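Protein sequences appear in the order of chains A and Y.
Take the first sequence: its position 130, counted from the start at 1, is 166 in our numbering, and no numbers get skipped.
Take the second sequence: its position 154, counted from the start at 1, is 177 in our numbering, and no numbers get skipped.
Simulated from the structure, these hints should not be mistaken for laboratory data.
Treat each hint with caution, since some may be false.
[As the list claims (entries may be wrong)] Partial selection, computed: residues in chain Y whose CB lies under 10 angstroms from chain A:
# : residue
1 : Thr-30
2 : Thr-58
3 : His-307
4 : Asp-381
[Claimed, not checked] Restricting the straight-line Cα-Cα distance to at most 25 angstroms, the calculated cross-link-like pairs of lysine to any residue (SDA-like) are:
#  : chain 1 : residue 1 : chain 2 : residue 2
5  : Y       : Lys-328   : Y       : Arg-98
6  : A       : Lys-237   : A       : Arg-75
7  : A       : Lys-342   : Y       : His-400
8  : A       : Lys-342   : Y       : Thr-396
9  : Y       : Lys-319   : A       : Tyr-165
10 : A       : Lys-342   : Y       : Ala-407
11 : Y       : Lys-369   : A       : Lys-136
12 : A       : Lys-342   : A       : His-356
13 : Y       : Lys-369   : Y       : Ala-420
14 : A       : Lys-237   : A       : Tyr-165
15 : A       : Lys-136   : A       : Asp-360
16 : A       : Lys-342   : Y       : Glu-376
17 : Y       : Lys-327   : Y       : Glu-359
18 : A       : Lys-342   : A       : Arg-86
19 : Y       : Lys-365   : A       : Ile-160
20 : Y       : Lys-320   : Y       : Ser-310
21 : Y       : Lys-369   : Y       : Gln-335
22 : A       : Lys-342   : Y       : Arg-371
23 : A       : Lys-342   : Y       : Lys-228
24 : A       : Lys-342   : Y       : Gln-96
25 : A       : Lys-342   : Y       : Glu-88
26 : A       : Lys-83    : Y       : Gly-315
27 : Y       : Lys-228   : Y       : Met-24
28 : Y       : Lys-32    : Y       : Gly-261
29 : A       : Lys-342   : Y       : Ala-324
30 : A       : Lys-342   : A       : Gly-159
31 : Y       : Lys-25    : Y       : Pro-37
32 : A       : Lys-342   : Y       : Phe-101
33 : A       : Lys-342   : Y       : Gly-261
34 : A       : Lys-83    : Y       : Arg-317
35 : A       : Lys-342   : Y       : Arg-350
36 : A       : Lys-237   : A       : Ser-111
37 : A       : Lys-83    : Y       : Thr-247
38 : A       : Lys-342   : Y       : Tyr-383
39 : A       : Lys-342   : Y       : Arg-98
40 : A       : Lys-83    : Y       : Ser-314
Please read these numbers as outputs of a predicted model, since none were measured by experiment.
Cβ atoms here follow ideal geometry from the backbone N, Cα and C, with glycine treated the same way.
Each chain is listed here by its residues.
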Amino acid sequence: MSRMNLLQAINNALDTAMAADPRVLCFGEDVGVFGGVFRATSHLQEKYGRERCFNTPLVEQGIVGFANGLAAQGSVPVAEIQFADYIFPAFDQIVNESAKFRYRSGSLFDVGGLTIRAPYGGGIAGGHYHSQSPEAYFAHTPGLTVVVPRNPHQAKGLLLAAIRSPDPVIFFEPKRLYRAAVGEVPDEDYQLPLRQAEVIKAGEDITLLAWGAQVEVVEQAAEMAEEAGISCEIIDLRTIVPWDVETVASSVLKTGRLVVSHEAPLTGGFAAEIAATIQSRCFLYLESPIARVTGLDTPFPLTLEKEYMPGPLKVFEAIHRTMDF
Amino acid sequence: MKTTRSTAKPVHKPVFANGDDIQIPVFTLLKPDGTLYAGAGQPSLERDTARRLYRAMLYTRVLDERMMAAQRQGRLSFYMQCTGEEAAVVGATAALDDADMIMAQYREQGALAYRGFTTEAFMDQLFGNQGDPAHGRQMPIHYGSRELYYLTISSPLATQIPQATGYAYGQKLAGQGHCTLAIFGEGAASEGDFHAALNMASVHKVPVIFLCRNNGYAISTPVTEQFAGDGVAARAFGYRMQSIRVDGNDALAVYEATREARRLAVEENEPVLIEAMTYRLAAHSSSDDPSGYRSKKEEEAWRKKDPLRRLQRWLLDRGWWEEDEERELVESLRREVLDTMKRAEKRRPPALETLVTDVYAEVPPALREQFETLVAHVRRHPEAYPRSAPWLDADQADEALRDDPSAHDGEARL
């Protein structure tokens with residue numbers, strides 16, 4: 037075990053994957069000598085050479101198209117998009133290509149080796165172009181797997197699983213936690229399961245569901261609620277799609293209440309999908325409407341970022357509203 | 024129908040072309056000591072424009088030094104300097120009509136300085152306070168000004184380049200003799216948007232000027248890892264576009280090149296690509312540390328080619344500028360920036376309502392409801408929202424006044 041922050045855990049996972057499999061390549065803007073603008077790829081070029089870890093020209097559609105080609109050829113590309121906000125020039129390559137490679141060829145070709153890493157989320161005074169949470173756009177595309185880790189231990193295990201998954205994975209990293217989240221991380225090679233949510237705290241009265249940096253926020257809200265005598269069960273969804281309905285549904289069958297929280301805007305956010313499925317699965321067991329605590333239906337602001345964000349106070353109020361319904 | 028412009032005769036052995044036979048020279052007028060190269064014609068730059076140009080370069084340098092220091096003191100969340108590239112940006116702007124459109128990337132505050140953007144306007148944006156027309160929604164340095172024909176900056180790279188082509192096509196149809204200048208870095212020129220922009224400009228004969236600031240690095244990525252070809256200028260040929268490479272630290276050369284580019288664009292509907300060879304003397308941004316990817320020695324070599332000193336010497340030689348004048352100007356600009364910054368820091372944040380306005384022309388009902396929920400939440404927890412709670416009542420009174428026409432009548436009668 038070593039103490040690592042989330043960035044070091046990502047770096048360690050990439051190092052582990054590259055050491056274990058010569059087909060693994062890491063590339064993107066500034067990832068070479070510099071080790072990426074957040075330093076997630078530090079020392080990888082030094083260790084594995086310029087052929088396996090390198091800078092690309094500044095062109096996201098090129099990076100993902102190139103990665104699709106590599107994956108189709110049998111390599112295992114881990115492409116970095118510098119910020120999730122800058123993934124959109126690659127939207128065509130991801131939505132029309134990565135997601136459909138296998139389907140359109142009847143498995144003659146696939147890009148299962150592909151992993152796209154991108155830092156996402158707010159809380160860093162980044163305004164609308166360095167703060168977005170675009171998971172719902174990709175969740176709406178069958179064929180993609182979307183994964184978001186909440187802490188260093190999760191980040192290493194989930195990233196290794198993503199790199200080795202037989203399907204293309206988009207791996208969104210909560211950049212607010214890059215240096216803020218520190219924890220024990222096993223030194224050895226390990227994987228955590230994709231498509232499985234995790235109950236990180238058992239409780240009786242209400243289920244709180246989140247992913248990535250928002251898990252910490254609902255944990256804070258849960259602490260406030262516990263002081264008021266409300267017992268919260270907390271679930272980290274971990275894989276956004278294909279998502280683990282069973283774990284969430286069985287929790288809600290027990291508690292009868294659900295609050296889902298994400299930073300992305302309300303309308304069309306992934307909480308909407310969860311609410312629809314859970315109300316159909318748990319309708320007769322629900323004690324109150326499923327609540328969503330999310331960003332506003334606006335672009336991400338700067339000066340008034342705190343007002344926009346679904347912070348612990350907003351989650352706490354939603355817990356109360358749900359309990360008092 | 025012909026499928027190519029080529030008139031070359033067919034050949035009967037495979038002949039490949041890599042373009043290496045085309046060598047693009049650098050157009051330069053001023054030597055580093057501020058004298059003209061032998062063979063350089065007399066520049067067309069007139070006294071008043073030359074002074075205005077140099078003053079804007081100085082202003083930009085002073086602003087950048089002061090604001091980077093403010094960022095280091097923790098007074099500002101983020102900053103980006105134009106340092107080293109002032110001649111490329113301001114020289115090009117000076118060659119335009121002041122009503123030509125500028126669509127810049129994010130390092131072109133010199134263009135705004137030239138056009139008279141006030142220190143107050145710079146500060147209000149940087150501090151995202153109530154005076155910022157974009158209501159503190161964007162990170163610092165994302166300026167915009169409709170009256171100065173400067174499109175509000177967007178962080179995603181290269182998106183403005185095809186927009187410049189479209190805007191300029193509209194200018195051509197409007198027939199008022201205006202053009203658009205798109206400014207971007209050599210890194211951004213790798214984006215697909217750059218190529219789309221050039222191709223469409225050429226096909227549709229659009230009065231647009233593409234100015235690439237080739238400053239050596241895209242954050243940490245050197246040009247040698249950005250492209251294998253001869254810079255950015257050579258790409259124009261693939262689109263059959265006029266192209267010129269210019270010494271980006273030579274304000275006179277940039278001015279002359281852009282003036283001629285503007286003539287081609289406006290009078291002949293010929294889009295032009297200009298590659299200004301320069302160097303980003305400062306870090307990419309306040310979040311960057313260049314020592315991880317380039318040497319002090321390299322930086323020093325470029326510091327000797329400082330674009331300000333070069334133009335200053337030329338101006339002094341002509342008797343168009345005085346050293347005393349410069350000392351006083353720099354002193355007064357520093358004071359102005361500092362005083363204005365202090366005022367901007369103290370101005371209140373934008374009203375809470377600005378979170379939901381401008382998303383659509385009118386706030387949709389569902390968003391209005393989200394806003395009202397937020398207001399109630401902030402009222403319950405004012406201590407948690409120091410940037411909005413203290414002004415809620417005053418803002419709602421203002422809003423009521425705006426929404427009630429009779430209130431305005433009353434005001435007018437008073």
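Here is what the structure says about each hint:
1. Thr-30: Hint violated; Thr-30 (chain Y) Cβ to chain A Cβ min 33 angstroms, cut 10 angstroms.
2. Thr-58: This interface hint is violated because 37 angstroms lies over the 10 angstroms limit.
3. His-307: With a closest approach of 9 angstroms, the His-307 (chain Y) hint holds.
4. Asp-381: 9 angstroms, holds
5. Y:Lys-328 x Y:Arg-98: 31 angstroms, violated
6. A:Lys-237 x A:Arg-75: 32 angstroms, violated
7. A:Lys-342 x Y:His-400: 12 angstroms, holds
8. A:Lys-342 x Y:Thr-396: 15 angstroms, holds
9. Y:Lys-319 x A:Tyr-165: 32 angstroms, violated
10. A:Lys-342 x Y:Ala-407: 9 angstroms, holds
11. Y:Lys-369 x A:Lys-136: 54 angstroms, violated
12. A:Lys-342 x A:His-356: Holds, at roughly 21 angstroms.
13. Y:Lys-369 x Y:Ala-420: 22 angstroms, holds
14. A:Lys-237 x A:Tyr-165: 34 angstroms, violated
15. A:Lys-136 x A:Asp-360: Violated: Lys-136 (chain A) and Asp-360 (chain A) sit about 46 angstroms apart, past 25 angstroms.
16. A:Lys-342 x Y:Glu-376: Holds, because 14 angstroms separates the two Cα atoms, which is no more than 25 angstroms.
17. Y:Lys-327 x Y:Glu-359: Distance ~28 angstroms between Lys-327 (chain Y) and Glu-359 (chain Y) Cα, so the pair is violated.
18. A:Lys-342 x A:Arg-86: 42 angstroms, violated
19. Y:Lys-365 x A:Ile-160: 24 angstroms, holds
20. Y:Lys-320 x Y:Ser-310: 22 angstroms, holds
21. Y:Lys-369 x Y:Gln-335: Distance ~36 angstroms between Lys-369 (chain Y) and Gln-335 (chain Y) Cα, so the pair is violated.
22. A:Lys-342 x Y:Arg-371: 16 angstroms, holds
23. A:Lys-342 x Y:Lys-228: 47 angstroms, violated
24. A:Lys-342 x Y:Gln-96: Holds. Lys-342 (chain A) to Gln-96 (chain Y) sits at ~23 angstroms (cutoff 25 angstroms).
25. A:Lys-342 x Y:Glu-88: At roughly 30 angstroms apart (the allowed maximum being 25 angstroms), Glu-88 (chain Y) and Lys-342 (chain A) break the hint.
26. A:Lys-83 x Y:Gly-315: Satisfied, since the Cα-Cα distance of roughly 17 angstroms is no more than 25 angstroms.
27. Y:Lys-228 x Y:Met-24: 20 angstroms, holds
28. Y:Lys-32 x Y:Gly-261: 19 angstroms, holds
29. A:Lys-342 x Y:Ala-324: Given that 25 angstroms is the threshold and the Cα spacing comes to 45 angstroms, the pair is violated.
30. A:Lys-342 x A:Gly-159: 8 angstroms, holds
31. Y:Lys-25 x Y:Pro-37: 22 angstroms, holds
32. A:Lys-342 x Y:Phe-101: 18 angstroms, holds
33. A:Lys-342 x Y:Gly-261: Not satisfied, since the Cα-Cα distance of roughly 48 angstroms exceeds 25 angstroms.
34. A:Lys-83 x Y:Arg-317: 20 angstroms, holds
35. A:Lys-342 x Y:Arg-350: 44 angstroms, violated
36. A:Lys-237 x A:Ser-111: Roughly 39 angstroms separates the two Cα atoms, so the pair is violated.
37. A:Lys-83 x Y:Thr-247: 22 angstroms, holds
38. A:Lys-342 x Y:Tyr-383: 22 angstroms, holds
39. A:Lys-342 x Y:Arg-98: Holds, because 18 angstroms separates the two Cα atoms, which is no more than 25 angstroms.
40. A:Lys-83 x Y:Ser-314: 21 angstroms, holds
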